[in-house]
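Enquirer: Build the full structure now, drawing on both the sequences and the hints.
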Amino acid sequence: MLIDTNLAAYRIAAEPYYRPVGEEVAVFEAAWRHRLPVMLKGPTGCGKTRFVEYMAWRLGRPLITVAAHEDMTAADLAGRFLLTPEGTVWHDGPLTQAVRFGAICYLDEIVEARQDTTVVIHPLTDARRMLPLEKRNELVPAHADFQLVISYNPGYQSAVKDLKESTKQRFVAIDFDYPAPVLEAEIVMREAGADLALARTLVAIAACSRNLKGQGLDEGASTRMLIHAGRLAAGGVPLATAVNAGIVLPMTDDADVRRALGEAIAACLI
Amino acid sequence: MSAVLDIAAPLDRLARLLAGRDGLAGVFADARRRLSMRLDEDALEDWGAGGLALLEVNAGPGCLLAYWCASLELAAHGGLGEMARQAAAICREAGGKAAAATLDAFVRIEPRLAGARERDIWWRALLTLARAAPDCVELVAERAEKLVRSGLVAAFADFIEAGLKAAGRDRAKRRAFFTLEDRLAQAMVARFSAGPGFAELEAELKTVLTALWGTMPNLQPLPFAGRETGPRVNIAGPVIRLPEVVPGIAGEASRRLYLAAAIHASAHLFFGNPRFPVRKFKPVQIALAGLVEDARIEALAMRRYPGLARLWAPYHDATPEDGPTVAALLRRVARGLFDPTYADPDALVGKAQALFASVGDLHDPALSLGIGTRLANDIGQRRLRFDARGHVAEPAYRDDGLGLWDFSDIDPEATDAVELMVEAARIERREAEDGREDEPSREPAGRARPRPAGGEGAVVATYPEWDAAAGVERPDWTTVREMMPVAGDARILQRALDRAAPVRARIARLVKAAKVGRAVRLKRQAEGHDLDIDAAIEAAIARHAGEVPDLRVFRSTALIQRDLAVLVLVDVSQSTREKLADGSSVLDVEKLAVAMLAEALDKLGDDFALLAFASNGRGDVRATLVKGFSETYDAEAAARLAGLSPGLSTRLGTALRHAGAVIAPVRSFRKLILVLTDGEPSDIDAAAGDLVADARRVVLQLRAQGVDTFGVTLDPAGVGSGPTIFGQANAMPVRRVEDLPMRLSELYFRLARR
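Protein chains in written order, with our numbering: chain U, 235 to 504; chain W, 275 to 1028.
Hints were generated in silico from the structure; no laboratory data involved. Note that the structure is predicted; figures quoted are calculated from it, not measured. Where hints are given, some of them may not hold.
Here are the simulated DSSO-like cross-link-like pairs (lysine-lysine), alpha carbons at most 27 Å apart as the crow flies [said to hold, decoys possible]:
id, chain 1, residue 1, chain 2, residue 2
1, U, K398, U, K447
2, U, K369, W, K797
3, U, K447, U, K275
4, W, K420, U, K447
5, U, K369, U, K398
6, U, K447, W, K439
7, W, K420, W, K439
8, W, K877, W, K853
9, U, K398, W, K797
Expert: As structure tokens, this is what we get:
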């Protein structure tokens, strides 16, 4: 089997747009110098994934992303034997690939995976920096450029779904939140091709919805949502319709909350 | 009539007159006996006099019976004799049947009438009707609920008058009007069936204000004062009090007005609510400073939320044609300040606009006082008369403005005039300034009065009790009485829930995570919808190696099934009356915790019951079933939960036995009893140690029957007997009472996980 040791498919060619909001770039680079595992915390749609892409580009490393889900097993990460006409052949999983060839491995929404799955990353994230593949009876030492990044949305945090303490304490954490209004307007302008007034209105609407977190909404409107609504509006859809389609309807099915949010949005619109 | 000349007390006379009449005499005696327990002697005689009055107009047995029924219903409110005399007057005009119908109707609508004045309006309106159109009295009485709204009894009188006028002498037309078949009648009813009011809109207003300002507002209803001018919002400290209803408007218009008013009031709070000392200011200065302050905060609010201009603008409709009064001029000033493009012929409006526009920083509240007093001086120089008593803040969505003023150091010279104004606004300042809720001293309108707790309660069971010292179980030692739950004000509980929104949100997430019906994937199944790749590979390898492969190579999904019954046993003994730092009692926190858990259980669909207990010796262990297993957790159940009151002692063992008996017949895979108690078992006739031993024994017996018992004990010192009773693993001592709601729900989710 042909293995691309350069991981060309996982390299990021063009610079992704990312607007730093704090010291996250410096922290990540410092962690990268020591290859410390990094945990990105923050609500959905606030730029965690974009940040990892940007850092992978900046550091010139390939980025292997795995979206965690509740059926994910350790084999899905590490790899498994597959049957071919020649017999049983070992097939590296995404994590093993990253470990062998020195990529940044990004495990998105790690809490979604079952806790017994996440422990496979333990030997990789301490001084050992190695991945044991017990099925192959192999110890894969991590490539010098291998780095593990996980994202984790504290909004889902609960007694039922949470990282083990032993997993949590292996990471350097960077906390993400929605950018300050001025920055967020800048991001919406840039990403949605909106003008400043539109971007500001959308950001004001987002602030209203974020005020309702825990009071009818599980989570406020994300920057990503604003960009979507902004694209709709910039593309000629009337603003009220764009906001409804891009922000209100996806967020809640509760008619009362929709109505109240609709009033708050009406107050934001010029 | 000889009875009229009789000088005996009315009751005895009445008894004598009724003596010969079968049926009536018995009912009378019964009503008299029951009322005598609740009324003093004078009131009882007055009641008898009322009966005589009805008898004198020959009202007939139906009317007398209606009177007695109404008396029993309304005994607590007094004025029984007056009620009968009014009915007698109607009987004279329209006959006994009509009078009986009005009495029946009065019972139904009485909760909506505030005070003797409103009751009088109702009776007088009916009497007018009886005189002019006796045939219509019954029709109106039957429809009383539709026609009489809280605070709008005057509209009822208007309705009667309008009907009589519109129909003239045309009987058929009159009947059509009062049976509400007439279009005009329908339109009138639609108009004064105002609403939605505060109760309907409270939740939406809260959400909108939270979205706009980021903090949960403290909204409270302002009881309708029954004045002619429209009611106004009042701000008291951090509390925004909105009128219960705004008469005369309905539907979307009412909703918009409430929104406009609530957002305006909350903008006051958000953009700094200064308290100007009243000192020597004249009413006209106060009014104008308030006007400018309104404009200031609205300008700031519209800077942030430009769409608010659309919300408020429709109410600014003053024009120079409105008349020459100061009130009309103030409305135009308000409009001019709100809308800089508005041009008014009066120089005062222009001056106000110019002064306001020249202000650099709108964030300084002092400017309102400055501009306000300058404008007030202009009015003074023009010798226009300002009617302090009649002053009402305009437009309708604005608050009464009194929240801006600090009345603590009023200059005695200026007092009279200012007080007039304050009185004109009729603000009830009984409200604590620190925003604490006032006690629900009056019952919410339109709702049935809570039944008094059922006195002694019915004996439902006797249970043995364990005598640890003697090592015997004393049979039938304790008696459990089932008490009638009292409905409290669920809104107080709802407000506590609103304040605890973050905890609620966390619990809601737990609910979501534990939700029944979530599919789990099963691996290595004998059948399923796709291949379990790992199992398939292992099977293939085994076959190649010549071993017997495991043929369970499929994956399938299954729903998580929960089959769980929970009984929450709440301790309401005297010790739960203890007040916490924030003014709420331990029982309040217990109720909040139970309400949150109940919400969660309701969403999960787990079968549950709520049982409260207290005891007063072994012969009187009181159990109150707030919610049974078969009942749904609805507003009524929440009201019953809110209605629990503290008292007596904690005989835990007996309560547990009773809880065991309640949960025993429920069919479910797993049964849980969660005990919520604030202290040690105790009672007046037993040693605490014995009761602990007894409770421990019950816990073990229940476990033998397959019922798991868990104790959540409020135990600040961590030295309580919770672990002794429930076992180390099944006791959860809570150190801080405030943590209770989260702990209780957490415990539940820990236990209920499979």
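Enquirer: Each of the hints needs a verdict: does it hold here or not?
Expert: Each hint, compared with the structure:
1. K398/U / K447/U: holds (26 Å)
2. K369/U / K797/W: Measuring from Cα to Cα gives roughly 19 Å; hence the hint holds.
3. K447/U / K275/U: holds (17 Å)
4. K420/W / K447/U: violated (40 Å)
5. K369/U / K398/U: Status holds; Cα separation ~25 Å.
6. K447/U / K439/W: violated (56 Å)
7. K420/W / K439/W: holds (20 Å)
8. K877/W / K853/W: Violated, at roughly 31 Å.
9. K398/U / K797/W: holds (24 Å)
Taken one by one, the earlier hints fail for this structure at numbers 4, 6, 8, listed in ascending order.
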